[in-house]
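> Chains as they are written, first to last, in our numbering: chain C, 86 to 297; chain F, 6 to 622.
I should point out that these hints are in silico values taken from the structure, not numbers from a laboratory. Cβ coordinates follow ideal geometry from the N, Cα and C atoms, glycine included. Heads up, a few of these hints could be off.
[To be verified] Here are a few chain C residues that sit away from chain F, every Cβ distance over 10 Å (derived from the structure):
| id | residue |
| --- | --- |
| 1 | 110 |
| 2 | 133 |
| 3 | 219 |
[As the list claims (entries may be wrong)] Listed next, the stretches of chain C that the computed footprint assigns to chain F, with coverage defined by at least 3 CB atoms under 8 Å from CB atoms of chain F:
| id | segment |
| --- | --- |
| 4 | 100-109 |
| 5 | 118-128 |
| 6 | 135-147 |
| 7 | 168-177 |
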Amino acid sequence: MSSIPAASHSAPAEPTTTGLNHRKILMWAFLASECMFFTTLISTYMIYRHRSLIGPFPEDIIDIPVTSVSTFVLLMSSLAMVLALSALQRGDIKRTKIWILATVGFGTTFLLFQVFEFNQFYHEGLSPRTNIFGSTFFTLTGTHGAHVTIGVIWLLSLFFAAVKGKLKKENALNLEIAGLYWHFVDIVWIVIFTLVYLIAGNDSGVVPPAGG
Amino acid sequence: MAAITQTLRPATESNTIWGWITTIDHKRIGVLYGMTSIFYFLVGGIEALLLRMQLASPNSTLIGADTYNQLFTMHGTTMIFLVVMPASVAFFNLIIPLQIGARDVAFPRLNAFSYWVFLFGGILMYSSFFVDGLPDVGWFGYSNLTAYTFSGNHRVDFWVAGLLVLGVSSVAGALNFIVTIVNLRAPGMRLMRMPLFTWTTLVTSTLMVLAFPVITVALVFLLFDRQFGTNFFIPAVAGGDGGDPILWQHLFWIFGHPEVYILILPAMGIVSEVIPVFSRKPLFGYPFMVYAVISIAFMGFGVWSHHMFTVGLGPIADSFFAISTLLIAVPTGIKIFNWLGTLWGGSIRFTTPMMMALGFITMFIIGGLSGVLHAVVPADTQQSDTYFIVAHFHYVLFGGSMFALFSGIYYWYPKFTNRLLGEGLGKLHFWLMIIGFNLTFFPMHFLGLQGMPRRIYTYGSNMGWDFWNMVSSIGSVIIAVSTLVFLVNLFRSFKSGKVAGNDPWDGATLEWTMSSPPPHYNFETIPTVYSRDPFWEEKEKADAAGTPIKAPVSHGHPHMPSPSFFPLIAALGLSLAAAGTIFSNVLLAFGILVVLIGVYGWSFEPATKPGAEHSGH
Ligand code: HEM
Ligand SMILES: [Cu+2]
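One chain only, chain C, in its complex shape (with noise of 0.2 Å):
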């Protein structure tokens, strides 16, 4: 689908509209309609905060120390992955796999505190069904950390073509648009540690509506 004439035959880069390129559109695109994924669960997140009839609340177990650790992994996880990006895009392919590798220790590292987390909180007794914060708390955390998952799988793939040699300084973009991905994944959880923990993190149950 370039829009060249069909005679010129070696077409190098495809012109575009805007000059960008289609995958990237398509990711950015793509990231608006993950806003509104999130926006949704978050919201529903805060509709039922201080619904709960019974325990455990979020004052109960959430532990802000241990997810603030896991945040800052997950930060360290994004500078990784720009690094990885600078280094493929002037052509050092060495530094480009140890970045890459780098971005996926510190994805799985934080994935392994969210289980860490999860099995804790279920021997504390709080489980999806529990209570509504359960449910809102593992539905909102758990799909968060599904999409560090497959970013994880993706950042292996780009790994692996890497080591193969097919990931080159040429197709730099095929590690930019996962770069995009795994940035909104992050920049969400900003938002869900800021409004589940730190904010909302010392509720206790139904709060009775203000000024009576």
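Chain F with the ligands: place on chain C using the hints.
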């Protein structure tokens, strides 16, 4: 005949079943979408006929309550998700690349994926029939009727799984058209030179991308409520904990209202192409039309609670949504005045596409007016859940969307078959349909005002509803006859219709510049666009200069990306996974595995066969 053989059998594409299964040509995918949607129109139509037969007379026991519930649920769900939406997408596929001067969409394989996902999603939802009967909770599946306690069999599960899959198809398709329109326009086709149908496609796609995630999340909540015992939509019972059934209504309608614009905007786009051509006048107030479409889409996200006036959200919420709903009528009115302005002083040709378009305008005005009545809270409190509502949404959906879609079929059919649809049968179709339609649905206004609730399977003869119900049922039979006329026309004209040539209507847009049917690669040389109605301009210039327009001649054609079956595999995996949410985790895992295989095969497969140099995507 030779010409027809060409569309559906372009020289470079194999016309075997395999050729169709692996096709990534937007024109073929458009044909697949269109045929599937016509098929479902028949299914949904038969369901509607059964409903009307049951309601024709009081105390009828023809199909009974349970079947009635299943039929109206699947009728509504089918018409919205399996008829009007895919029919619109069929037109996106068939027309957009031609109108903007592109060789295909930006992501041909993703496009094939969207179609297969749509097909399997529909099949998945209907396969409920063989397990527990069809879904029976209404097309908006309100909580907590959908809770496991009240719907203990698998019907709702199929509905949820089917809608989840269909949502993936819509979003994937919409993303594709956004990129295509943003990034694949011919040189010179600036945004404000895009044909209006292209504009409505862009805006509709944006709505799909933003609205579907909301219902997806709501459906996932519902799935979890039913499968894992969460309580998103189930209120607390003594000693337990729970959520709120009203949340479902909010989430559903935050999706649902933009959805009605998803259903109507492409129709408005079609009409905005047809009316200028058959009035021989450029579209009146083009920029206003564009801004009206954009503002309708924007405001469409701020009116959802007009579906919930009787829930009791309180006076502040009710007033807000009443006002926003009244406001959205303004851009809609602007569009109507612009169509009228286009007609005014034009030299009008009453061809079938034009009649359908005029039918659209008149019927849509009636539906729009009753819609404004619903925005008035006290009035709506009376009308809600009565047949008045049923009358309203059929005037906008059938009188609106369907008439416009038919207009589009009559208008563009010649481009892809090189045959005109018969005008005689076409006019018959139109008159039968518009008479049958008004006979069926106008009386529903009276029934509603007399208090007849919607979604009841029967009524006593002491209610005074007998006469208009009978009239309505007779009307539905006339609609059925008109549909038969349409089908006969469709098949007869395919073989023996009048040969159309490249430009049967004296069209204004780029699709009419190319041969009928267009070659596999669409444009030999990508045209340059200098105005809003490029082909009219070109023809005028040629007339002035006295030189006939040269038909494009072929010298070897551009390389096109090669067919692929990985989209089909990925789509199949997705549907298996969705079916797995109903039956077994093993199936779910297997489905996800198949998706992965499909996606990996897809990303490692070269877009173009070795030897061809053009990159795909
Ligand atoms: C072929 C002519 C049609 C007839 C005779 C017909 C008739 C009906 C009837 C009798 C109902 C059930 C009302 C109730 O019991 O509450 C209904 C519901 C509905 N119809 Fe149609 N209809 C037709 C075409 C269409 C079309 C073309 C669309 C959309 C494009 C459509 C969309 C709907 C929807 C959304 C519902 C609501 C279903 C629900 O309550 O869940 N119908 N129709
Ligand atoms: Cu609405």
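> Give a verdict on every hint.
Status of the hints after comparison with the structure:
no. : hint    : in the structure
1   : 110     : violated, 5 Å
2   : 133     : violated, 6 Å
3   : 219     : violated, 8 Å
4   : 100-109 : holds (count 6)
5   : 118-128 : holds (count 6)
6   : 135-147 : holds (count 4)
7   : 168-177 : violated (count 0)
Comparing the model with each numbered hint stated earlier shows that hints 1, 2, 3, 7 do not hold.
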